[in-house]
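In order, the protein sequence lines correspond to chains A and B.
Heads up, the first sequence is in this note's numbering, so the first residue is 229 and it goes up one at a time.
Heads up, the second sequence is in this note's numbering, so the first residue is 10 and it goes up one at a time.
Treat the hints as calculated values from the structure; they're not laboratory data.
The reader is advised that the hints may include incorrect statements.
Unchecked claim - The calculated lysine to aspartate or glutamate pairs, modelled on EDC-like cross-linking and capped at a C-alpha distance of 20 Å, are:
no.	chain 1	residue 1	chain 2	residue 2
1	A	K396	B	D57
2	A	K235	B	E82
3	A	K396	A	D477
4	A	K235	B	E18
5	A	K426	A	E278
6	A	K479	A	D459
7	B	K12	B	E82
8	A	K479	A	D399
9	A	K479	A	D389
10	A	K235	B	D20
11	A	K378	A	D399
12	A	K244	A	E278
13	A	K280	A	E433
14	A	K426	A	D483
15	B	K12	B	D57
16	A	K235	B	D57
17	A	K426	A	D273
18	A	K455	B	E18
19	A	K244	B	D20
20	A	K426	A	E274
21	A	K244	A	D322
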Amino acid sequence: MESINIKSPQNIVYAKPRLMNDTNMHYCPGCGHSVVHKLVAEILDEMGVEEKTIGICPVGCAVFAYRYVDIDWIEAAHGRAPACASALKRLWPDHLIFTYQGDGDLACIGTAETIQTLNRGDSITIIFINNAIYGMTGGQMAPTTLMGMKTSTCPYGRQADLHGFPLKISDIAATLEGTCYVTRQAVNTVGNIRRARKAIRQAFENSMQGRGSSLVEIVSTCSAGWKMTPDQSNQWLADNMLPYYPLGDLKNTVDNK
Amino acid sequence: MAKYRGVIEVDTERCKGCNLCAVACPLHLIELSTRVNHHGYNYAVQPDQTQCNGCSTCGIVCPDGCITVYRAEK
Ligand SMILES: Cc1ncc(C[n+]2csc(CCOP(=O)(O)OP(=O)(O)O)c2C)c(N)n1
Ligand code: SF4
Ligand code: SF4
Ligand code: SF4
Ligand SMILES: [Mg+2]
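Here chain B stands alone, though its shape is the one from the complex (with noise of 0.2 Å):
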């Protein structure tokens, strides 16, 4: 059993839907959402926040620093 929890929150208005982080993340996720923010780009979401371990590759990995990752002891 995974030790921590963890979830993260995206800065949707400066995500601009690179999909690296969705790539990167090795739980696969993270997916790009149908909806656009006010620059047109399809923002990342984390539709399931029960699996994340708060292992930060994600955050890591985004070009444009949008995303917080917060991780706790289970």
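Next comes chain A alone, as it looks inside the complex (with noise of 0.2 Å):
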């Protein structure tokens, strides 16, 4: 077949990142976790900041992200990720250094961590993927999910009264001084792929620069939580997510070009 013989490597347009390992992802079918660590496999890969990065895995379904992408890494305890990162950025100041939490680890048990090392304004970055749920331990509420959602222990929806209401804790961040970026992007089409891409980009850069602090908030999909397929996930997330999310910049203190 003619389209067979343009299989040679100078044609490829895309492909996994080199950063990324041959190691299969745990990770569910279709899950938005996956699509960022693609992400920022690529971005550091085109910083060219491989020999310079430390990671900071959360506790939760990213608990093994150092598997994934071929860079040094240092597990924090639960919700501890942003304490970790302070702590390296001191001792490291010319490295990059970001953690990577979900909303269980970063919204809940680690909501001191997160608001101090943010209001600290050292120059890290936090990649926080929010799924409004705990995904790795069987789909419960976490302190984002969505009012009247359905959760393993919230089976009839989430009620104010009884559990209060969705943290955003990027509308929180954006009002520290120590923070120079906050944004909240998508991963459920390529446009908002390309532009959760830029802003991750975006977040190093001003890392390297010595900015600030950087919140990149990903509004992301739990397909085995909120027991949905991949698709459908990523519909419901633009349908119900996104109205209380909205996604774009909500600081930016940096002119970029």
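The two chains are supplied separately, each in an independent frame; assemble them into the complex guided by the hints.
Below, the structure is given as structure tokens:
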């Protein structure tokens, strides 16, 4: 067949990132975590900083991120990744230090570390995967769970009188003096993936230039916890998550071109 | 007439059959095989390799980085 013979290395326009290991990722089919891992691997390669980068893994589904992207990693206790990031950045100010955390990790058990780190203004990046649920432990309610959303610990849906309101961590982060860049992105469509890629790149540049703390929230899916197919999850995200967690920059003090 | 022709190659053992590439392809050129890989997933295939323009949408959306996209001028 004619099209077969264009399969030569010089014609490759898209491939698995060089910094992504061959190890199969343990994530469920279609999980947003995988898409973001791929973006991180691509951007670090593009910036040529793989030898100068240290990532900090959370507790949650991304606990094994260190297996998949070929850079140095540290595993933090649940919620404590930003505190580790502060310490690392102060020890190695010329390094690119970032955390990668879920909403249970960052917005529940680690709320204090998140806010205090962003408020200190250390030049680190926090990548925050908001899937509105505790994915790893079986789909329990998180602080970010939407009103009325059903989870294994609120089977009749989240109610304000019983569970309070969904926490908008990025909105809080944008009010802190220490942050230079706070943005909310998603990876549910090809266009959103492209925008999320630019945002993570911007955050990493900020960290290397010593401009302050950057927070990139990625509104993401958990098809296992939400009990939907990956495609339905991407649609549900657009219909239900984005009205409450709208996309775009919440703060950008950097004049980027 | 499209200026480019393309073709994709799927790492079928890495594929998890999530179907997101099939949903995203603007030309609907991808489907899941009736066969399964050694993990038990129905992997993605591109049955008609003459229509693809190498736009890379499928590669970008594939969460697991299973798709290599080739593109050449016609
Ligand atoms: C100190 C401590 N408390 C509780 C747990 C149990 N635990 C493991 S992962 C997790 C929540 C994960 O949710 P999230 O951070 O949203 O990550 P996701 O899996 O959704 O990506 C919890 C509560 C733990 N491992 N350690
Ligand atoms: S449980 Fe949810 S967050 Fe965890 S890997 Fe599966 S889909 Fe992703
Ligand atoms: S490269 Fe574009 S046209 Fe070809 S299969 Fe992928 S999404 Fe479809
Ligand atoms: S997006 Fe990737 S993992 Fe999902 S079906 Fe397509 S090739 Fe397989
Ligand atoms: Mg979560």
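Comparing the hints with the structure gives:
no., hint, result
1, A:K396 <-> B:D57, "violated (46 Å)"
2, A:K235 <-> B:E82, "holds (13 Å)"
3, A:K396 <-> A:D477, "holds (14 Å)"
4, A:K235 <-> B:E18, "holds (9 Å)"
5, A:K426 <-> A:E278, "holds (18 Å)"
6, A:K479 <-> A:D459, "violated (31 Å)"
7, B:K12 <-> B:E82, "holds (6 Å)"
8, A:K479 <-> A:D399, "holds (9 Å)"
9, A:K479 <-> A:D389, "violated (31 Å)"
10, A:K235 <-> B:D20, "holds (14 Å)"
11, A:K378 <-> A:D399, "violated (24 Å)"
12, A:K244 <-> A:E278, "holds (16 Å)"
13, A:K280 <-> A:E433, "holds (13 Å)"
14, A:K426 <-> A:D483, "holds (14 Å)"
15, B:K12 <-> B:D57, "holds (18 Å)"
16, A:K235 <-> B:D57, "holds (15 Å)"
17, A:K426 <-> A:D273, "holds (14 Å)"
18, A:K455 <-> B:E18, "violated (30 Å)"
19, A:K244 <-> B:D20, "holds (10 Å)"
20, A:K426 <-> A:E274, "holds (12 Å)"
21, A:K244 <-> A:D322, "violated (28 Å)"
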